[in-house]
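Heads up: the sequence shown begins at 1 in full-length UniProt numbering, then just goes up one per residue.
Do not rely on the hints blindly, as some may be mistaken.
[Said to hold, decoys possible] Cβ-Cβ distance ranges computed for the label pairs, FRET-style:
(1) PRO167 / GLY27: 14 to 22 Å
(2) PRO143 / PRO37: 29 to 37 Å
(3) ALA130 / ASP154: 33 to 41 Å
(4) PRO192 / ALA159: 32 to 40 Å
(5) ALA76 / ALA144: 31 to 39 Å
(6) ALA79 / ALA144: 17 to 25 Å
(7) GLY24 / LEU101: 32 to 40 Å
Bear in mind the hints are in silico, worked out from the structure with no lab data behind them.
Ideal Cβ positions, reconstructed from N, Cα and C, are used throughout, including at glycine.
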Amino acid sequence: MRLDHLSYAAGPDGLASTAQRIGGLLGRDFTDGGIHPRFGTRNMVLPLAGDTYLEIVEVLDHPASDKAPFGQAVRARSALGGGWLGWAVAVDDISVAEQRLGREAAQGSRHRPDGTELRWKQIGINGLMADPQLPFFLQWEVPAELHPSHGADDSYALACLEIAGDPLRVSEWLGEPVEAPLEDVKVEWVAPHGTPGVIAVQIQTPGGLVRL
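The task is simple: from the sequences and hints, build the whole structure.
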C-alpha cells in the first residue's frame, strides 16, 4: 500500500482554468488525462516524484456522473466551489479492501489523448463522501510505464499533506497503520473544525515550497 495520488475538484471556472491557475502557482503545466466514461468525469494530471501525481477532475454533463459515486463526489465538491476532493492509495490486491468493506470495486478506465487506455479498479468513494479524511483504494491494471506519475520531473515532489481528521480513524479504514502508505510523506494532522478532509498540500518545486 502506498500513496498514489491526490484529487482536486475543479472550481466554477472549469477544469482548464483551474489547472492553469494551479499550474501557474507551481510553474508546471498539467496535461490532459482524458475522460472517465464510467464515472462521468474527466481529468488533467501533473506527475510528481515518488510515483505520485496530482489530478484535477471535473464532472461531465453525463448520466454516469449521477450514478457513479466518484462522479457524485466530484459534483458535490465542485458545487462548493471546488478544492481538495481526497487522496488515494494504491494496493496490489484490492480484494482485501473489497472483503473488508463488503462490496466489489468499481472498474475504472480512461483514454489518454494519444489513445492509450488506462485501466484500474477502485473502491472507497462512498467512505470518502461520508468522511472526507478517508482515502479510497486503487489497483492499477497497467504496466508501471503507463502510470500517470511516469515521466515526472523529480524536482516536483509532494512535501506535506495537511489533513483535518483522526489518524486512528484512518488507520482503521486502511486496515493497517496510516504511516504505511505515507511513510515518505510528511503529514500534519489537524483537529477538524467542521468537515474533516485534506485541507492543503505542500509541493516542493524548483522555486521553493508551494502550498495549495
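Review point. Hints broken by the structure, by number, lowest first?
Key: 1, 2, 4 and 6
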